[in-house]
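J.: Now for the letters of each chain:
2 protein chains.
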Amino acid sequence: MENIRVIVQGLGAMGSGMAKMLLDKEGFDLVGVVVRRPKMAGKDIGEVLGREQLGVKISNDITTEIKEQKPDLVLQASTSFTKDAFPKIKEVIEQGVNVISIAEEMAYPHVRETELAKQMDEIAKDNGVTVLGTGVNPGFVLDTLILTLTGGCIDVDSIKASRVNDLSPFGESVMKTQGVGTTVEQFNKGLKEGSIVGHVGFPESINMVADALGLELDSVEETREPIISETYRETEHVKVEPGMVAGCNHIGKGIKDGKEVIVLEHPQQIHPHKEGIDTGDYITINGTPGVNMSISPEIPGGVGTIATAVNMIPHVIEASSGVVSMKDLPIPRAIMGDIRKIMGR
Amino acid sequence: MENIRVIVQGLGAMGSGMAKMLLDKEGFDLVGVVVRRPKMAGKDIGEVLGREQLGVKISNDITTEIKEQKPDLVLQASTSFTKDAFPKIKEVIEQGVNVISIAEEMAYPHVRETELAKQMDEIAKDNGVTVLGTGVNPGFVLDTLILTLTGGCIDVDSIKASRVNDLSPFGESVMKTQGVGTTVEQFNKGLKEGSIVGHVGFPESINMVADALGLELDSVEETREPIISETYRETEHVKVEPGMVAGCNHIGKGIKDGKEVIVLEHPQQIHPHKEGIDTGDYITINGTPGVNMSISPEIPGGVGTIATAVNMIPHVIEASSGVVSMKDLPIPRAIMGDIRKIMGR
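Same order as they appear, the protein sequences are chains A and B. Oh and the first sequence: position 201 is 201 in this note's numbering, straight run, nothing missing. Oh and the second sequence: position 207 is 207 in this note's numbering, straight run, nothing missing.
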């Protein structure tokens with residue numbers, strides 16, 4: 001029985017978490033870690049992760065690593081955008097290796113980058129490998145889980161889902177992209193200029209759900225609104241006075257025949273509990289039967305993304321070649337035993 | 001583009017519901033209905049279902065129907081047990097046609113009928129067709145949905161889930177198999193004699209979840225206890241005085257190293273609201289992260305089973321051959337458009 005050989009590319013919070021998760025699972029070999037920063041190269045992966053020495057060194061060169069280590073799959077954790085992910089994915093799949101990317105747009109890449117997605121699909125098929133984009137959202141809560149819940153429905157009239165989370169644990173860059181600590185004027189200016197972005201993933205989730213159900217949408221619309229605080233809230237990185245912005249309420253809508261058939265909300269702010277708001281993942285399906293689901297608190301973003309990406313490794317290895325999405329693969333699941341036994345390798 | 005051709009076998013509440021659902025969906029042709037009762041033969045299916053004349057007659061002979069109608073799949077809704085379902089499934093798959101069965105034991109048939117499941121798998125593979133057992137439970141709430149929720153988990157320590165429903169709408173036979181309206185003595189006697197059975201499906205759900213996660217269980221245990229009423233409850237079919245039995249609390253446990261790693265509860269009773277109990281589907285995953293999900297009210301049993309079975313038709317047609325279970329197939333989903341387009345036929 002051969003171990004599943006994995007290289008992790010990118011060693012931020014997500015990459016490190018995925019690397020550690022792989023070290024803790026039976027039947028996986030973390031055979032390489034590739035990062036951009038030259039000064040990291042040559043360091044022992046285990047030591048960098050705060051574990052025992054592994055005898056495997058960090059590298060800056062994915063091509064050589066793949067040649068030497070012959071991985072089954074590369075986990076990529078760097079960008080949010082398909083156009084940035086594309087060259088990195090291409091480099092890997094051209095060498096005949098599967099990829100899982102946590103770039104949000106890669107969850108359903110043809111939506112924003114039709115041409116790049118097509119090229120990727122062709123290269124993947126030519127090389128007999130599979131490319132999947134996933135993560136907690138997009139990839140899990142607001143698409144995979146919604147679809148699964150419709151599985152018990154005869155009819156679906158409309159879907160409304162809301163992912164309410166707490167940004168307090170996050171660092172300065174997240175505060176900036178969500179507009180936390182700005183005035184309303186600064187928030188609106190930031191939106192216009194593109195420095196405040198909200199959530200990346202609504203067009204991906206909405207189109208994935210619609211395509212899987214067979215709803216032919218006329219359009220997908222997005223709005224971003226400031227969450228104006230009524231209380232004083234602060235974190236290590238930001239202070240929000242009453243009247244200032246505590247976060248961004250990002251809403252995505254899938255429209256068909258003038259009707260909002262899919263509405264996804266993702267209000268992201270610091271300390272929502274201060275105003276009596278419970279964090280959670282909430283999905284309501286209006287249909288036959290109706291389904292009214294809540295997960296409270298929400299599935300946490302960081303851990304959820306790490307887990308979703310690693311848990312999909314066996315599914316991606318066994319999938320047919322090309323660019324796939326969560327809707328194409330078997331139901332996700334945790335890995336609690338030797339992955340070689342589970343896969344029957 | 002060719003329609004998906006389906007025959008429904010069995011025309012009780014489930015079979016009728018599936019037949020109607022198929023009539024209402026684009027891209028499916030209900031090409032036959034096969035029942036046991038001779039007096040039904042020759043009647044128009046549409047008329048029997050309370051719809052327009054369809055020009056398709058009910059038959060008693062599945063073999064001839066398959067020869068004449070060349071269906072892609074047969075939906076079977078008759079028994080709960082694999083040993084009863086086996087000859088009916090065999091008849092269909094030997095003719096090279098896929099089967100979805102709602103027999104509870106068929107959700108994971110090798111658990112109770114190892115030899116029959118093996119034979120079925122071989123016949124299906126020899127004939128290039130797929131056999132799936134599914135339904136709302138087993139098949140959806142206490143296995144597929146649990147597994148999906150673990151998909152965002154790095155680790156799972158234990159799983160507890162509870163499906164709390166209301167038996168009030170059901171008929172006399174369900175009252176009997178759940179012991180509703182008995183005294184405690186009668187209940188315990190019924191359990192011993194096998195007339196009171198509780199839920200059929202725990203070994204299936206528990207083993208499916210454990211196998212998919214890679215938990216190697218030491219044993220699966222089941223207990224059935226009377227739900228003793230403190231209030232007067234009644235339905236059209238049964239009266240329950242205080243002190244009498246309002247239903248059966250059936251519990252299944254998956255045990256590993258002496259620890260209850262999977263605990264599934266299914267208390268089934270009439271009018272649970274009378275004692276302040278909210279019906280619902282509740283899943284708690286103790287792990288990293290923990291997940292605390294509730295669906296309230298529960299996904300209804302009848303409609304949910306009808307929907308789950310029909311919704312899996314495209315997945316079964318596209319699956320590789322053999323006996324499969326929900327854990328092997330892509331995530332379930334409703335069918336809201338022309339199934340030919342969704343499948344790209």
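Simulated from the structure, these hints should not be mistaken for laboratory data. Keep in mind that the hints are not guaranteed to be accurate.
Said to hold, decoys possible - With a straight-line cut-off of 25 Å between C-alpha atoms, the simulated SDA-like cross-links for lysine to any residue are: (1) A/K327 / B/P242; (2) B/K327 / A/K118; (3) B/K125 / A/I342; (4) B/K20 / A/K118; (5) A/K341 / B/K118; (6) B/K256 / B/D278; (7) A/K118 / B/P330; (8) B/K192 / B/D157; (9) A/K341 / B/V111.
J.: Decide, hint by hint, whether the structure agrees.
T.: Going through the hints against the structure:
{"no.": "1", "hint": "A/K327 / B/P242", "verdict": "violated, 49 Å"}
{"no.": "2", "hint": "B/K327 / A/K118", "verdict": "violated, 29 Å"}
{"no.": "3", "hint": "B/K125 / A/I342", "verdict": "holds, 21 Å"}
{"no.": "4", "hint": "B/K20 / A/K118", "verdict": "violated, 39 Å"}
{"no.": "5", "hint": "A/K341 / B/K118", "verdict": "holds, 20 Å"}
{"no.": "6", "hint": "B/K256 / B/D278", "verdict": "violated, 31 Å"}
{"no.": "7", "hint": "A/K118 / B/P330", "verdict": "holds, 22 Å"}
{"no.": "8", "hint": "B/K192 / B/D157", "verdict": "violated, 34 Å"}
{"no.": "9", "hint": "A/K341 / B/V111", "verdict": "holds, 18 Å"}
Against the hints set out earlier in the document, violations occur for numbers 1, 2, 4, 6, 8.
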